[in-house]
Structure formats: C-alpha cells, structure tokens
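Student: Chain by chain, the residues:
There are 4 protein chains.
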Amino acid sequence: MTKSPNSVSSSYKTHLSSEDKPWIEIQERVRYSETDKMGVAHNKNYLEWFELGRTEFCRQKGIPYKQIEQKGYYLVVGEAFCRYRKPLRYDEEFIIRIVLEQVAPKKVVFKYALLTKEERKIVASGYTVHVVTNARAEVCSLPPEILEKIKA
Amino acid sequence: MTKSPNSVSSSYKTHLSSEDKPWIEIQERVRYSETDKMGVAHNKNYLEWFELGRTEFCRQKGIPYKQIEQKGYYLVVGEAFCRYRKPLRYDEEFIIRIVLEQVAPKKVVFKYALLTKEERKIVASGYTVHVVTNARAEVCSLPPEILEKIKA
Amino acid sequence: MTKSPNSVSSSYKTHLSSEDKPWIEIQERVRYSETDKMGVAHNKNYLEWFELGRTEFCRQKGIPYKQIEQKGYYLVVGEAFCRYRKPLRYDEEFIIRIVLEQVAPKKVVFKYALLTKEERKIVASGYTVHVVTNARAEVCSLPPEILEKIKA
Amino acid sequence: MTKSPNSVSSSYKTHLSSEDKPWIEIQERVRYSETDKMGVAHNKNYLEWFELGRTEFCRQKGIPYKQIEQKGYYLVVGEAFCRYRKPLRYDEEFIIRIVLEQVAPKKVVFKYALLTKEERKIVASGYTVHVVTNARAEVCSLPPEILEKIKA
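Chains as they are written, first to last, in this note's numbering: chain A, 7 to 158; chain B, 7 to 158; chain C, 7 to 158; chain D, 7 to 158.
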C-alpha cells in the first residue's frame, strides 16, 4: 500500500547531505489545543508545523507562498514523513529548522527538524515532497523567477 | 535529518505482503473544517484518519484502544508516513482500510489505504510505527492478553 | 467588544421555543486527536461538531450544503455560541441534535444540543447565526428553491 | 437549548466597561491549515486564538497557565462566544486583544477582540466564561496567590 520514499532516500547518497545546505529556523510554542489526552502534542500537528516552516522559508527567500499561489502555482503535498523522537508539551518553545533538500521545476522536497529551544536536542525530523500544479490541479513547471528565488 | 523507514521497507521483502493480510475498513466523510483554501482536505487530516482506523481496528479485535490505555499501555507514534495520490473534497465519502503490518511486544506497525467509496481508487496510503510505553513514557512490552487479541 | 446575541435571545420569547420545532439527530464519537491534556474533548471541536450537524441537516432537507455552495450561496458564520455542561471523553459516542431556529432570505440561525448517547443528558448546547453571501462575500438572499427546502 | 449569557451581558451595565480595563495584545498569523475551502480562516480557530490570548495573559501576569494546572487548578471553559465581522486570510497578521472582564474565586471571564494589524479594524470579538475546578473536575476556589496575580 505504501511506497518507500526512494527518491528522497537515494538523494542522501548521491547529493550533498542536507546538513551542508543552508537552513532557516523559526520558533514556535505548543498550543493547549495541540495537546491530546496523553499530555503531549498530537502527531498531526507536526505536519502543520512543517507547513509553518515552508511558509517562512518561502517568505525569507523573497517569494511568500501566498504570492506563489496568486501567480497560479501550487506546491501540492505528495508525500509527508515524520519521525517522532521526544514528546513536546503544552507551552513548550521549540525550533523548526527547514532545509530545501531538492528543487526541480515540477518537484520540491523540504526537510525539517524540530529542536528543543535551549539544548537544541532533536525532537522530530521529517520531509515533505511537493508536486507543482496549476489551479486546475495539473502538474506543471514553476517559472524561472520563482525557481531562482527559492534556490537562492 | 530523517531516517529512511528501513524496518518497514525491508519487511516488504521478507514477510508476506500486507495485501495478503486481513484488513478492516471503515467509512468516513470529509468535514468542511478539514478542507483548506486549495479546496481539498488538508494533509494533516490524513494522520487523524489513520488514527480513526487504528481505533476501529483495536475495537474490532475486541480490545478498544481506550482499554489498552486504561491498562497502562500506550502505542506512541514513532513514525508516520503518508503518500497523497488524489485529493479528497468536502462531504466526499471515503474508505479507510487498516492492516496490522507487524506486531511485536514493543512495536506495532499499521498500514493504511484511503479509497474512494464507489470506484475503490486509492486516494492515499501510508503507515505508522508505534512504540509501546507505560504511563511514565518508558518503553515496555504489551502483555500477552493484549498481544493475542491484536494479532487474532 | 462583544455584542449580546439579542436577535436570538429575543426570539425565545416571541416565537415558539425551539423545543417545539422538528430536529434531526446524528451520532458521532470523540476522536483521540480531539482530546487535550485535560483528558477531555477540547472546546473548539464543538464548533466543528455543530458544523457536522448543519451539513447533515441540509442533506436531510434535500439540499446538501455542498450544492448550496455550488449554486453560489454561502452560509457564513456570523456568531457562534456554546455552553459546555459536561465533558466528553475519547471514544465516547454522543448525539448532535440540530434545530433550524430561524430562517430568512439573508439570515439563518441553527441551534444545537449535544447529548450523551444512552441517558440523553445534555453535554453542551449552542447556536450559530449565519449570513447569506454570494461568492464575492456580498450579503444576498437565498433563492426560493433553497429557502423552501431548508424550511420544509 | 442555549442559555443567553446573562451574567456577562449584565456586567456590561453594572461594571466599568471592559474598554476601561487594561488589556494585553499578542500578534498571530493565519496558518494555511487554518483556512477552509471558502478561502478564509475557519470559525473554530477563533476559539483556539482566544486560548492563545489567555495563555499569554496569564504569563504576563506572572502566573503561566501551565503553573496554574501544576498547582492543581483548571480554568474549564463553561461558555464561549464569538462574533465574526470580517474574514481573515492565509498568512494575514492580526492582533488578539485580551481583557480580564470578571474574576472571582470560582469564575473567570475573559473578553477578546481580534484586530487587523495595520488599521486596527475589528475582525472578531468574543468572550469565554471559565469555571475553576480541581484535578477531579470539582468546582473549587482559586487560592489567593493565583487570584492576586491574575487581578494585578
């Protein structure tokens, strides 16, 4: 039923590791509504936090994601993976680190790490694979002016 | 930052494929609040739907997840993966199919497929890897009476 | 900062009480992700459950809300109120009862009660006031064919 | 089914209006996952934003809500009301203004206004009524040391 995320895995070997790539970081805090009865942040929120990271990544590259959509392009999530290592608790501050792992006209891969604020211990890590589409949900290519900014 | 989910991938080769395993299915409908401005269900909801599937799987095996927690055991999510193939729209009915891919005293792996209701086309697929812990978040083993029921 | 919901309150005195109006009921179950660290369903989910109720109300009246939007009309939420009486817990089944309290071409008011499944005790109650708009978010009137069905 | 929120409404007349009370403000941004297919923030998120406001209010008063719970007290939501005036869109920055409208050992009322960032136009307003309970969900009184800080 599931496909192993080969494209991403293989890129670990053949390309520079993402640790060598520039990243950006943002800081967030766990909301009360994001906890569950286990007393920790619920697993689905991590995908929301990854998305916050992408939004800030694009903004810092000078091309807010809102503008990408206004120009008629969508980075549709094709795959999402998260590995949960340590729980996050209500009101805890944490860091979201975002790396652009791979970018091609029709495909973008982001990688993420969540870190504790003080000790910078890894709380979670993951990636999302995006397919570029137009407003009619057809696969298409990002125009050069957007590609250049994201890669910059 | 991310680890390729080897344990799961390798199990595809050495074990019977999950297509041969018994599955259970439940039916759900996309809530308005689960859509986003792209007009389709937001990616984080799939992890919530996987969880609904696990809840029903345990119930049908005669050991509701609520009871597992009441006995002091937790199936903490260690990894989650989802591949999104087709969008789901507001009010659309769909099927969640759940398979118990792997079960050991300290680890449980579920696999999921989301299908359109009528044509049974695959909308999404994924898996979650769970670590068994006690109420103090220490890794422990599921007792035989729970293991037997889940495996049955 | 807040306006007391006079229109709704006054309708209690001058109109038939909603207890005399026909209602519809649907059954739901608390999702794990809907609980918070207090161990009970988080307050924001009640607004989502109210919405599930509206969706089913319209469907049972023969005019699914999806179709209302496809015809270019939106029932935008202008006010929402909830009174929380008893907590709901993970996996608990409950009833959502929906009443059409008031309907006019440009305004619709729904009232809701959440009940325990077995003993029918009130868990929560509330209302939502909706303004009718077109796709450009301008206030407009529902056409007679939709009004008739909702009122029926 | 619903009770008109008299206690709050009547307090408007007999007490100083909340506009005279000190407020605190925080700034937030609409997340992509908080939008719905109408293209604007979904109504349930406003209750989550009110909660973010309460969390910051308590922190700024020197008694983080996390500590209140650690001491064994819970501010359980008994009523929530929101009036939605203008939509909020993806990535839009907005202000949450929080006022402590009423405080008694067993009951706390917060009022909220959401404002556009630049022009300070009111986007939404509302209130929440809280009942003080202990860990066994029994109504109880906040101890003086917490009361003093919240009122300060």
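Be aware that one or more of the hints could be misleading.
Since the list gives no way to pick out one identical chain from another, each pair is judged satisfied if it fits inside one copy or across any two copies.
What the hints assert, rightly or not - List of simulated lysine-lysine pairs, DSBU-like, C-alpha gap at most 35 Å:
1. Lys127 <-> Lys77
2. Lys157 <-> Lys77
3. Lys92 <-> Lys77
4. Lys113 <-> Lys155
5. Lys113 <-> Lys27
6. Lys92 <-> Lys157
7. Lys72 <-> Lys123
8. Lys72 <-> Lys157
9. Lys67 <-> Lys157
10. Lys127 <-> Lys67
11. Lys92 <-> Lys27
12. Lys157 <-> Lys113
These are calculated hints, taken from the structure and not from any lab test. Since this is a predicted model, take the numbers as computed values, not measurements.
Student: Each of the hints needs a verdict: does it hold here or not?
Tutor: Cross-check of the supplied hints:
When the C-alpha separation of Lys127 and Lys77 is checked against a cutoff of 35 Å, the pair qualifies only between copies, where the shortest distance is 28 Å, while the shortest distance within a copy is 38 Å. In this homomeric assembly, Lys157 and Lys77 come within 35 Å of each other (Cα to Cα) only inside a single copy, at 18 Å, whereas the closest approach across copies is 42 Å. Proximity of Lys92 to Lys77 under the C-alpha cut-off of 35 Å is restricted to the inter-copy arrangement: shortest distance 23 Å between copies versus 39 Å within a copy. For the identical chains of this complex, Lys113 and Lys155 are intra-copy neighbours only, at 15 Å inside a copy versus 43 Å across copies, given an alpha-carbon limit of 35 Å.
In this assembly of identical chains, the alpha carbons of Lys113 and Lys27 lie at most 35 Å apart whether taken from the same copy (18 Å) or from different copies (34 Å). Taking the shortest alpha-carbon separations for Lys92 and Lys157, both the intra-copy value of 31 Å and the inter-copy value of 28 Å come in at or below 35 Å. For the homomeric pair Lys72 and Lys123, the shortest alpha-carbon distances inside one copy (28 Å) and between copies (18 Å) are both at most 35 Å. With identical chains, the CA atoms of Lys72 and Lys157 are at most 35 Å apart within one copy only, with a shortest distance of 17 Å there and 40 Å across copies.
In this assembly of identical chains, the alpha carbons of Lys67 and Lys157 lie at most 35 Å apart only when taken from the same copy (8 Å versus 44 Å across copies). For the identical chains of this complex, Lys127 and Lys67 are neighbours both inside a copy (26 Å) and across copies (30 Å), given an alpha-carbon limit of 35 Å. Proximity of Lys92 and Lys27 under a CA criterion of 35 Å is satisfied in both settings, with 25 Å inside one chain copy and 32 Å between copies. In this homomeric assembly, Lys157 and Lys113 come within 35 Å of each other (Cα to Cα) only inside a single copy, at 13 Å, whereas the closest approach across copies is 40 Å.
Violated hints are absent here; each numbered hint is respected by the structure.
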